[in-house]
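Participant: Given next are the chains, with one letter for each unit.
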Amino acid sequence: MKKFTSVSDVENLQDIIKKALQIKENPLSETEKGKGKTIGLVFLNSSLRTRLSSQIAVQNLGLNVLMLNAAQEAWNLEFADGAVMNGETVEHIKDAIEVLNQYCDIIAVRCFAGMKTKEDDVNESILSQFEQHAKVPVISLESATRHPLQSLADCITITENWKEERKPKVVLTWAPHIKPIAHAVGNSFAEWMQEMDVELIIANPEGYDLDEKFTKEVKVIHNQDEALKDADFIYVKNWSSFDDYAAMPEVKENWMLTNEKLANTNQGKVMHCLPVRRNVELSDEVMDGENSIIYQQAKNRIFSAQAVFSEILDEINSK
Amino acid sequence: MKKFTSVSDVENLQDIIKKALQIKENPLSETEKGKGKTIGLVFLNSSLRTRLSSQIAVQNLGLNVLMLNAAQEAWNLEFADGAVMNGETVEHIKDAIEVLNQYCDIIAVRCFAGMKTKEDDVNESILSQFEQHAKVPVISLESATRHPLQSLADCITITENWKEERKPKVVLTWAPHIKPIAHAVGNSFAEWMQEMDVELIIANPEGYDLDEKFTKEVKVIHNQDEALKDADFIYVKNWSSFDDYAAMPEVKENWMLTNEKLANTNQGKVMHCLPVRRNVELSDEVMDGENSIIYQQAKNRIFSAQAVFSEILDEINSK
Amino acid sequence: MKKFTSVSDVENLQDIIKKALQIKENPLSETEKGKGKTIGLVFLNSSLRTRLSSQIAVQNLGLNVLMLNAAQEAWNLEFADGAVMNGETVEHIKDAIEVLNQYCDIIAVRCFAGMKTKEDDVNESILSQFEQHAKVPVISLESATRHPLQSLADCITITENWKEERKPKVVLTWAPHIKPIAHAVGNSFAEWMQEMDVELIIANPEGYDLDEKFTKEVKVIHNQDEALKDADFIYVKNWSSFDDYAAMPEVKENWMLTNEKLANTNQGKVMHCLPVRRNVELSDEVMDGENSIIYQQAKNRIFSAQAVFSEILDEINSK
Numbered sequence: 001m002k003k004f005t006s007v008s009d010v011e012n013l014q015d016i017i018k019k020a021l022q023i024k025e026n027p028l029s030e031t032e033k034g035k036g037k038t039i040g041l042v043f044l045n046s047s048l049r050t051r052l053s054s055q056i057a058v059q060n061l062g063l064n065v066l067m068l069n070a071a072q073e074a075w076n077l078e079f080a081d082g083a084v085m086n087g088e089t090v091e092h093i094k095d096a097i098e099v100l101n102q103y104c105d106i107i108a109v110r111c112f113a114g115m116k117t118k119e120d121d122v123n124e125s126i127l128s129q130f131e132q133h134a135k136v137p138v139i140s141l142e143s144a145t146r147h148p149l150q151s152l153a154d155c156i157t158i159t160e161n162w163k164e165e166r167k168p169k170v171v172l173t174w175a176p177h178i179k180p181i182a183h184a185v186g187n188s189f190a191e192w193m194q195e196m197d198v199e200l201i202i203a204n205p206e207g208y209d210l211d212e213k214f215t216k217e218v219k220v221i222h223n224q225d226e227a228l229k230d231a232d233f234i235y236v237k238n239w240s241s242f243d244d245y246a247a248m249p250e251v252k253e254n255w256m257l258t259n260e261k262l263a264n265t266n267q268g269k270v271m272h273c274l275p276v277r278r279n280v281e282l283s284d285e286v287m288d289g290e291n292s293i294i295y296q297q298a299k300n301r302i303f304s305a306q307a308v309f310s311e312i313l314d315e316i317n318s319k
Numbered sequence: 001m002k003k004f005t006s007v008s009d010v011e012n013l014q015d016i017i018k019k020a021l022q023i024k025e026n027p028l029s030e031t032e033k034g035k036g037k038t039i040g041l042v043f044l045n046s047s048l049r050t051r052l053s054s055q056i057a058v059q060n061l062g063l064n065v066l067m068l069n070a071a072q073e074a075w076n077l078e079f080a081d082g083a084v085m086n087g088e089t090v091e092h093i094k095d096a097i098e099v100l101n102q103y104c105d106i107i108a109v110r111c112f113a114g115m116k117t118k119e120d121d122v123n124e125s126i127l128s129q130f131e132q133h134a135k136v137p138v139i140s141l142e143s144a145t146r147h148p149l150q151s152l153a154d155c156i157t158i159t160e161n162w163k164e165e166r167k168p169k170v171v172l173t174w175a176p177h178i179k180p181i182a183h184a185v186g187n188s189f190a191e192w193m194q195e196m197d198v199e200l201i202i203a204n205p206e207g208y209d210l211d212e213k214f215t216k217e218v219k220v221i222h223n224q225d226e227a228l229k230d231a232d233f234i235y236v237k238n239w240s241s242f243d244d245y246a247a248m249p250e251v252k253e254n255w256m257l258t259n260e261k262l263a264n265t266n267q268g269k270v271m272h273c274l275p276v277r278r279n280v281e282l283s284d285e286v287m288d289g290e291n292s293i294i295y296q297q298a299k300n301r302i303f304s305a306q307a308v309f310s311e312i313l314d315e316i317n318s319k
Numbered sequence: 001m002k003k004f005t006s007v008s009d010v011e012n013l014q015d016i017i018k019k020a021l022q023i024k025e026n027p028l029s030e031t032e033k034g035k036g037k038t039i040g041l042v043f044l045n046s047s048l049r050t051r052l053s054s055q056i057a058v059q060n061l062g063l064n065v066l067m068l069n070a071a072q073e074a075w076n077l078e079f080a081d082g083a084v085m086n087g088e089t090v091e092h093i094k095d096a097i098e099v100l101n102q103y104c105d106i107i108a109v110r111c112f113a114g115m116k117t118k119e120d121d122v123n124e125s126i127l128s129q130f131e132q133h134a135k136v137p138v139i140s141l142e143s144a145t146r147h148p149l150q151s152l153a154d155c156i157t158i159t160e161n162w163k164e165e166r167k168p169k170v171v172l173t174w175a176p177h178i179k180p181i182a183h184a185v186g187n188s189f190a191e192w193m194q195e196m197d198v199e200l201i202i203a204n205p206e207g208y209d210l211d212e213k214f215t216k217e218v219k220v221i222h223n224q225d226e227a228l229k230d231a232d233f234i235y236v237k238n239w240s241s242f243d244d245y246a247a248m249p250e251v252k253e254n255w256m257l258t259n260e261k262l263a264n265t266n267q268g269k270v271m272h273c274l275p276v277r278r279n280v281e282l283s284d285e286v287m288d289g290e291n292s293i294i295y296q297q298a299k300n301r302i303f304s305a306q307a308v309f310s311e312i313l314d315e316i317n318s319k
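Residue numbers (our numbering), protein chains in the order written: chain A, 1 to 319; chain B, 1 to 319; chain C, 1 to 319.
For the record, the hints were derived by calculation from the structure and aren't laboratory data.
All C-beta atoms in this analysis are idealised placements derived from N, C-alpha and C, irrespective of residue type, glycine included.
Don't take each hint at face value.
What the hints assert, rightly or not - Label pairs and their computed distance ranges (CB to CB): (1) Lys-319/C <-> Asn-259/B: 49 to 59 Å; (2) Gly-289/C <-> Lys-116/B: 50 to 60 Å; (3) Glu-88/C <-> Asp-120/B: 21 to 31 Å; (4) Glu-164/A <-> Ser-318/B: 37 to 47 Å; (5) Lys-135/B <-> Ser-29/A: 17 to 27 Å; (6) Ser-8/A <-> Asp-120/B: 48 to 58 Å.
What the hints assert, rightly or not - Looking from chain B toward chain C, a few residues come up when the C-beta cut is under 10 Å (computed): (7) Thr-5; (8) Ser-46; (9) Ile-56; (10) Phe-79; (11) Gln-194; (12) Pro-275; (13) Gln-296; (14) Asn-300.
For reference, chain A alone in the conformation it holds in the complex (with noise of 0.2 Å):
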C-alpha cells in the first residue's frame, strides 16, 4: 500500500480485514516491523479514539512517533498556493510538509473540513497539499471528505458481526444535530460499503442528500421507519446539508434513534463513529443497550490503523 487516504488506496478488502482481525487475535506478532522508522501523526483538529488508536497501533509495530498539534504546538499554517504571507499565518503547509518529509518515513494527518466554502472542502484543500508535496507515505486520520481509518475499522465490525449466509442490510441513517457537521464519516462508510457484500440504505430527509460522488448508485430514502425496516446494522451519523453546504435544513420528523425504533429493525446492530451526541443523536438506552456494538467499533480502530501502518511499512521495507 503506497498510501491510504481512501478505499481506493486499499488492494483488497477482504484481506486487509482479515490481515486486522489477525492483528486483534495477537497484536504484538510484528514489534520488530518499524524498528528505526519514524510516522509523524499531524492532528490539525481533535481527537480520542484516533489519537490513542493510532499510538496503540504504532507501538505495537515498534515505529517511532512524533505526535503534533499542529494548531497549538507549532506555527499557524498558511494554506493558499502564492499567498504574499503578511497577516496572521507564519508558515506555509508546503513548507510544513517539506519538513516532515526530512524527519519521517510516513505521514499521517488529520485535516476536518472547513465547512466554510464547499470548494475548498470538496477538493480537500489541506489533504491534497499533503498528497502532493509529501514525499513519503500519506496516511489520513480523516479529512474534509473521507474518514477512511473509520470505515476500515467500520468493515472489520461488521465482519466479526455477521456469521449468515445472506448479505446483511446496512442502513446508514442521518441523525439530528445542533451544528452543522461534515460529511465525511458519512461519505467514506457509503464508500467502503459498496465494496463490502452487504444491501446498503442510506436513509436521511430531504435536503440532506449526501454527494453522489460518494454514494453512486446506493438506494437514498428519506423515510427513516421504511429504511430502518429489517435492518441488520444501523449506522447512526449526523450531516449537513451538502447542496445547500453547511446549511441546516429544518427536518420535522425526530430521526433520533431510539428503541422504539429499533423494534422495527432485524434486531440491528447500532453503530457510530463515536463522539456522540446522547439524547439527540440516538437514545441513552441505545447507546447503553445490548444491540450497541460502539464500543466493540472504537477498539477496533486499533487494528484498523495496525494493518494500515504494517502494509505501508511493508511497501517502505520492500524498496
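On the provided structure of chain A, position chains B and C as indicated by the hints.
Facilitator: Just chains B and C now, with coordinates in the frame of chain A:
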C-alpha cells in the same frame, strides 16, 4: 492493589513506603513488569510534577503510555447522567471512559474540584464516573477531594527524614492564598497521616476547618503559633472554606510561614506539595532555607507513582 | 560539553561538525548511549523543527524524554526574584527548574525573547535562571538572544555545500516582516560564522544593526545589492531594531529576496531557519528554486541536536 484513589486502597502503608524506598535505590529493577501493557494518563487539569513523575515511573516499569490532555486535545466532555447533549458538550464522560477501557490496561486521571457546588465536589462528580465505568484499575492523579499519590510521597519523605524513636509532631498548617483553592491536598494529607505513626495537628483560621470526614479526631487549632510550637514537620497548604464552600472568610493574622515562625518549631522540616506562591504561602527564606524538604518531596513523587503502578501491575499480571 | 547555550560551549567547532556529519551517515550508531537517562524538553514557545528534530535525536540516542509544553500543560510561571506571588503567576521558575533537576539528567529549554524590555532580553531573563538554578546540563532550544542548535545546523549545511579551497562569501541579509521579530537567529548566525572559515558580511537597513556584542568586527552594509554581489551563501532573516528596541523603522527599499537579486550573487545558496513568510521575506520562486538549501538545513537540525546531546551524554557518562 485493585485501584488507587485513597489511602483505603493501600493494604499496608509501611509495606508500600518500604517498596517505594527500594525503588528509589534501584528505579530500574522492574523494567519488564509493564511490557505489553498500556496506561492512559488523562489530564483534565494542569500538571507539572504529576505529569512528569508519572511518565518517569511508567518508563521505569516498561509500560506503554497514552498521554491525553483531554480538554485541549480531545472533546468537550459532558458529565451529567441522562443529559440531552444539545449544548456545548460533545462527548459524554461515560463514552470516553468506555473507549479508554478498550485501549488501556490502567486508567489514571487528574480531575480537580470544580469549586462550583459543594455537592459535586464532595461526591467526586468526575472521579466517581471513572470508578463506576472503568473496567480496568483506576488511579487518581488528584481528584476533587484527595491527592493520594502526593500523600504517599509525603509519607515516604517523612519516613526518610525521621530517625528518632518518638513520634514526630506533624503540623498541617493553612497558609494564605489569593484564590479559592480545593481541599484535596489538605484532606488527603490528614487522612494518610492518621495511618502513620505521628502526632498530627491541624492549624487553620476559624472558618477554614476541613471536612471532618477526613480529619476525624485530629486536633484542630485556630492559633498558628500555638500549633507550630515544637513541630518536627510543618506541611504548608492553603484551602478555602469547606463549611461556606469555596468562600474565603477574612483572616486577620498573617499565616504566611516565615523563618520567625519556624524558630518556634523543633528545627521543623518544611513541606509543600507545589506549586507554591512564594511570599504569600511561605517566604523566600523558608522556601530556599535548609529546613525545606520540598524538592525532596517532589522527587519522591516518582517513587510514589512507581510503587503504586507496580502494585497495580502485580494485580493485573496475577490474573 | 558541559552545557550548550552558545558557540562558546563548543570546544572545537570543526570536530562537532564532523561528528554531526558522521551521525547523518549512521544516525543509529549510538542507540545505547542515553539508556536510563532522561532529558526534559521544555517549551515555553511554539516549535515545529526544534520539537521534532530534538525528539528524533533523543530516540536515536536511546534517551527517555519528558516533553513539556509549559504554558499550556503546567502552571503560569513567575520569573521575578523576590516576587510576592499574589497575582496571576502560580509557580516560580526557580521551583520548576529545581523540580526538573530532580527528574532529568539534561534540561533543554526554549524561551524566546519577550520583546518587551531590552534589558530583560539582553540579560536572558529566563535562560539565565536555568543556567543559575539547573544542576544538570542545560541546552538552549533557542533563547532571547541566541539559537545555537540552529546555528550548528547552519554550519553543517554550509560545510556540506562548500567544496572549494577559497573561503565562501556568506551574507546574512535582513528581510522584511510585519511584526517585531527577535534577534536570536541573526545574532547566533553572526557569532557562529565568525568561528567558521568564511568571509561574513551582514546586510541590513539603517536602524537595524544587530548588537555589536554578537557582530563584533563583521562588516555591516546598508545596501543589499552591494552586499549580495558574488555571495556564495545568502542567509535570509528578519529582525527588529536593536538600538530602538523592538521598533520597526521604515525601510524604503524592498529587501525581499527575489530571483532578480539572486542573479547578482555567485549562484548563491539560499538559507533560512524557518518558518518563513513567503513573498514577504523571500519570494516563492526563491523558496522553491534550486538554489534553496533551506530544507536541507531543516534536516540537519536532527544531526545538530544529536551531536550536542551525544557530547553532553559523554560528559555525564564520564562522571
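Participant: Does each hint fit the structure? Answer for all of them.
Facilitator: Okay, the hints, checked on the actual structure:
1. For the pair Lys-319/C and Asn-259/B, the supplied restraint of 49 to 59 Å is violated, since their beta-carbon distance comes to about 35 Å.
2. The beta-carbon spacing between Gly-289/C and Lys-116/B, approximately 58 Å, falls within the hinted interval of 50 to 60 Å.
3. Taken as a hint, the range 21 to 31 Å holds for the pair Glu-88/C and Asp-120/B, whose Cβ atoms sit roughly 26 Å apart.
4. Remark: the range hint 37 to 47 Å for Glu-164/A to Ser-318/B is upheld by a beta-carbon distance near 40 Å.
5. At about 25 Å, the beta-carbon gap between Lys-135/B and Ser-29/A stays in the expected band of 17 to 27 Å.
6. Between Ser-8/A and Asp-120/B the C-beta distance comes to about 50 Å, which sits within the given range of 48 to 58 Å.
7. The beta carbon of Thr-5/B is not positioned within 10 Å of any beta carbon in chain C (closest approach about 23 Å), and the interface hint is therefore violated.
8. The closest approach between the C-beta of Ser-46/B and any C-beta of chain C is roughly 6 Å, which is under the 10 Å cut-off, so the hint is satisfied.
9. Interface restraint check: Ile-56/B against chain C, minimum CB-CB distance 6 Å, threshold 10 Å, status holds.
10. Evaluation of the Phe-79/B hint against chain C yields a violated restraint, the C-beta minimum of about 22 Å exceeding 10 Å.
11. For Gln-194/B, the interface hint is violated, since its Cβ never comes within 10 Å of a Cβ in chain C; the closest pair sits about 28 Å apart.
12. With its C-beta approaching chain C no nearer than about 3 Å, Pro-275/B sits inside the 10 Å limit, and its interface hint holds.
13. For the restraint placing Gln-296/B at the interface with chain C, the shortest Cβ-Cβ distance is roughly 8 Å, inside the 10 Å limit, so the hint holds.
14. For Asn-300/B, the suggested interface contact is upheld, since its CB lies about 9 Å from the closest CB of chain C, less than 10 Å.
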